[in-house]
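For the sequence shown, position 707 matches number 704 in my numbering, and the numbering has no gaps at all.
Watch out, some of these pointers could steer you wrong.
Within a straight-line C-alpha distance of at most 25 Å, the following computed SDA-like cross-link-like pairs (lysine to any residue) qualify [said to hold, decoys possible]:
| no. | residue 1 | residue 2 |
| --- | --- | --- |
| 1 | K353 | V138 |
| 2 | K150 | P165 |
| 3 | K158 | Q285 |
| 4 | K580 | T879 |
| 5 | K354 | D276 |
| 6 | K575 | P878 |
| 7 | K580 | I645 |
| 8 | K273 | A144 |
| 9 | K353 | Y170 |
| 10 | K353 | P165 |
| 11 | K150 | D276 |
| 12 | K575 | A877 |
| 13 | K793 | I645 |
| 14 | K273 | L214 |
| 15 | K354 | A140 |
| 16 | K365 | V138 |
| 17 | K354 | A144 |
So the derived label-pair ranges between C-beta atoms look like this [said to hold, decoys possible]:
| no. | residue 1 | residue 2 | range |
| --- | --- | --- | --- |
| 18 | R372 | S163 | 54 to 62 Å |
| 19 | R56 | N360 | 34 to 42 Å |
| 20 | A52 | L211 | 32 to 40 Å |
| 21 | L649 | N618 | 33 to 41 Å |
| 22 | N618 | F928 | 16 to 24 Å |
| 23 | G522 | N360 | 40 to 48 Å |
| 24 | L33 | F928 | 25 to 33 Å |
| 25 | D875 | K799 | 16 to 24 Å |
Hints are computed from structural coordinates only; laboratory data are not their basis. No residue lacks a Cβ here, since even glycine has one placed at the ideal position from N, Cα and C.
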Amino acid sequence: MGVKFHGLSNEPFLLMRRVGREESRTCPPMSVLNPLTIILEFVPPLVVTLAYLLAFRGRRNRFVEAFIALMFIKTVTFFLFGIWYNEPDPSVAGGFDPTVNSNTFYWLLIADFFFQFSYSLQEILTWIMLSFIAVLFGMVVLALKMALQDPLKMRFRNVIKRITGSPPETDGYSGFRDRLDHLSFEGVDPQPLDPEVQSRAWSEAWRDYLIIGLATLLPSIPLYIGSLESYVTRIVNPMAYVPPNSYIIGVLIFLTWIYRFAYPASNRIAKGAGLKLGDRDVGSEMMQGVLGWFFRLNILLTLYFLASDILRGLRTGTLGYLGAYYVEGIFSAAPAILFAIIVLPLAERFAVVLYKKVFDRLNNFRQKISGIGWRKALANAAGAIGTGGLVSGLFVGAIMGVTLHTAFQMGIGIRFLPGAIDDIVAGRLFGPVNNTQTLLPGFWTLLVFSIPLATMLLNGVVGHYVRDRIGGGMEAFAFISGLVVSVATYFAMPGLDYIVGGLTNEVQLAGLSFARFRPVLVIPGTTPEEYLYRLAFQFIVNIPIYISVSLFVLYYFEYRERWREQTGEAGGPLLNVKLPDVKHSVGMFLGGIAISAGVVFVFSLFINPGLLGDLINGLINEIGNPDGLELVLAVTGSYFVILAEHNIVRTLLVLVIGPVFWALVLWLVAVEKPRSEENVALSAIVMTVLGAALAVVWTYHDYVTGVFIPSVAEGDPYWPFTYTAHLGLRAAIVLGAIFAVYAIVAIAKSAFGRGIGAWWFPPLLLIIGIEYFVWDDQFTLIALIVMPMILAAVYKLIFSGKEEVRREDILITYIRFSVMSLAIAEVLSTALWLGGDFTLNVLFGNPAFFLARTLPHAIVEIPAFLFAAAASIRIARDLAPTIEQENWEMIPQKTKELLTSGRLWRTFALVVFFLLVAALIETNISWIVAFLFA
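Could you put together the complete structure from these sequences and hints?
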């Protein structure tokens, strides 16, 4: 069970305003919505929009576009509205210091981005859930229509004849079962992701949702802001105002959404499915009923509520508040109409698929049960339970990790459960003394909220790959896995159902002032009545949303693959890795651990263990630690920044450096080319060498003339600007300038349609040169040139009995291994460190301490690196036929295809994501866990 933003209503604003209402307003004066405030609040959706445009380029993804639209709407209706509504914030009145430095400002922007992104993600997932709930609601509506409509017409045929002048006609079917058996679906699109299908669904649906949303707007206002009397009490006598229970409000508003939108959506789904009974268009009839009697009913309810409020206002003398009451109520209730218009038509086509499947299973229950392949069904259920269990474990581990870090940093001590720190977090968010104090508890609040959202999506993603191997039904898989995650996390982390609201405070930076909407944590009550409400929310909202989001992700991936096949897009798996590649990567790693453990054990018999440990760690530090200009990132004071950057660069090198390096070498020495292209390549080599020499001479000159004094050890006055850092800086300047010239020429030739020719060669060569100097990277050079010699020789020796190995030229073998040798080197070096260091700790040290400081991040980091290595192995295998055929002309073309492959960059993005997670764990949690075993 997870934290929820009180996004179902704006009640948190009312709750927050009540706090400390009578204090004097001593905060510095601040314009509520000044231009800087508005600009900064729109930064998160603009950043997401820019990322979407860059990532998808010419392609469109309507679900991402819907999410972006929701972010913009939420920026206005929740964040800017919240800033205006809550200003000035009495909880920080008096003694609050709004001034921040640039570093705090940077973290405030990240926190605000996180707040808006998470809030909008919750919104779109909630509306997707509502679309699937409409399917179940639609089954009830359809059953009632089939069971009652014709019998009631016949029962009251005389009345109908008097009113209409003609008797009603029977549909000619014998009963309920006969009607169900003759229902047909003629509008189920085979491809819900077809842009034309999505456009048609939206163009047909948005007016219906707008009409129904407006018709049900005024009757729903009391649920959002209370009755007119309570509204007046809150304004006139705020200390006497008692806000309603937030959970019952959330449940009731969600039920109102079902009434306002899920019922119309269920009929729209029936219409979209082309539901027919003989010649009757049943789906259209059902939708006409929504726009007929349902619309008129809500117009009557609107008039009734409006008249009642006017009469009540006249009777109690509160009529003057009626306009403000309805304005605020409309502003609170109207955004749901926009969300329905944006999300429901897109999700409708998936809902149509589910609608037909649910109907078929219910209508043909016995046949479906008798036709089940029980082995596959049990395998599907086992896979779903395993997936749900894995995701539940990740959920619990993530919550405990962020709680441990927050508790330790806040000086509370070692705490793993949120309930041990939530009251302190809430107190600091409600009454901070400055903006810095809101960061740590604010991030904890947002993480505890967003982790459940992430697990919903992760459950669907993992489920897609698991189910793809099993081949079971998507609906059953989503139901079981979603139920497991929701229920397991509810019992594993009880009391995690906090409410997240928001309060406003001022921020001042370098004389500029703007308002910020910070998250605040509201801890739910524990009375029997409140516990009942919380339990109701768990079963009415939380379980359905886990199941619905998992099913949506499964549908999306399934139909995305079908669409790619249908349109002839580049085929292949989502990621550029196959199972044998993973097996070989893991095999190398485990073998390396075993060998290193054995070797270290033997050497420890003859060499001092401390010296042996220093040798191992020194070697690993030389290989893996940041160096060169990269080390300058230490000035940030953040180990996470250094670690994240280092891992990202190493992953990129593992994936592409081998193919790029050999594309350059083989094109230069083995491919016949025009003299002009040779001259371009030779000029690039000469300029690279001259640039490198100039950088070396420039650095040495500045050193001997005292322009800089290099750092020699961590902690000295010049740290972290070592000699290699200064060399890297000057090399980046010189080689970067040369790179820019060649790149401009290449771009210009390509832009004017003259063909890039050989001008791709210089930029790639210069990038390799820049990487070598900036990162002081001898390891990559050794892995590319020296290590393949050893690997090729060992390979030839071990497999000398195979005819194809004996016949293969040693140079071909060398090149094949060189393409993936950096990946092999990374795997083996990691295995050397892990196996060797752990063995020494088992023999002479504290193995529990070693595991405590390693495992929390290693369980994420090592699989990510092994996956990257597997991807590198796959790339080498894809290039192997071309290398074996000595078709050197194709190597550059194959390398170009690699660098422009979406699968490669999806693999890179996935690995980087998990490496960033591992870096966060290593820098924020691992050392705290190790502290327990020190």
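Outcome of the hint check:
1. A hinted pair counts as satisfied when its Cα atoms are at most 25 Å apart, and K353 with V138 qualifies at roughly 14 Å.
2. Restraint check: the Cα-Cα separation between K150 and P165 comes to about 7 Å, which is no more than 25 Å; the hinted pair holds.
3. Between the alpha carbons of K158 and Q285 the distance comes to roughly 22 Å, so the proposed pair stays at or under 25 Å and holds.
4. Only pairs whose Cα atoms come within 25 Å are accepted, and K580 paired with T879 is accepted, the gap being roughly 24 Å.
5. Of the supplied pair hints, the one linking K354 and D276 holds, its CA atoms being roughly 22 Å apart against a limit of 25 Å.
6. For the suggested pair K575 and P878, the alpha carbons sit about 17 Å apart, so the restraint of at most 25 Å is met.
7. With a C-alpha separation of about 23 Å, the suggested pair K580 and I645 falls inside the 25 Å cut-off, and the hint holds.
8. A distance of roughly 15 Å separates the Cα atoms of K273 and A144; the hinted pair therefore holds under the 25 Å criterion.
9. For the hint linking K353 to Y170, the alpha-carbon distance of about 21 Å falls within 25 Å, and the restraint holds.
10. The straight-line distance between the Cα atoms of K353 and P165 is roughly 30 Å, outside the 25 Å bound, and the hint therefore fails.
11. As the CA atoms of K150 and D276 are separated by approximately 18 Å, the hinted pair is consistent with the 25 Å bound.
12. Straight-line distance between C-alpha atoms of K575 and A877 comes to about 16 Å, which keeps the hinted pair within the 25 Å bound.
13. For a cut-off of 25 Å, the pair hint linking K793 to I645 is broken: about 34 Å separates their Cα positions.
14. Of the supplied pair hints, the one linking K273 and L214 is violated, its CA atoms being roughly 32 Å apart against a limit of 25 Å.
15. With a C-alpha separation of about 15 Å, the suggested pair K354 and A140 falls inside the 25 Å cut-off, and the hint holds.
16. Our distance criterion of 25 Å between C-alpha atoms is met by K365 and V138, whose separation comes to about 23 Å.
17. The hinted pair formed by K354 and A144 meets the criterion: a straight-line CA distance of about 20 Å does not exceed 25 Å.
18. Taken as a hint, the range 54 to 62 Å holds for the pair R372 and S163, whose Cβ atoms sit roughly 58 Å apart.
19. The hinted window of 34 to 42 Å between R56 and N360 holds, with their beta carbons roughly 39 Å apart.
20. Range check, A52 to L211: about 36 Å between beta-carbon atoms, so the 32 to 40 Å window is met.
21. Between L649 and N618 the beta carbons are some 21 Å apart, a value that contradicts the proposed interval 33 to 41 Å.
22. The hint said 16 to 24 Å for the Cβ distance between N618 and F928, and at roughly 22 Å that hint holds.
23. As the Cβ distance of G522 to N360 is approximately 45 Å, the hint placing it in 40 to 48 Å holds.
24. L33 and F928 have their C-beta atoms about 42 Å apart, which leaves the hinted 25 to 33 Å range violated.
25. Remark: the range hint 16 to 24 Å for D875 to K799 is upheld by a beta-carbon distance near 22 Å.
The structure is inconsistent with the numbered hints 10, 13, 14, 21, 24, although it conforms to all the rest.
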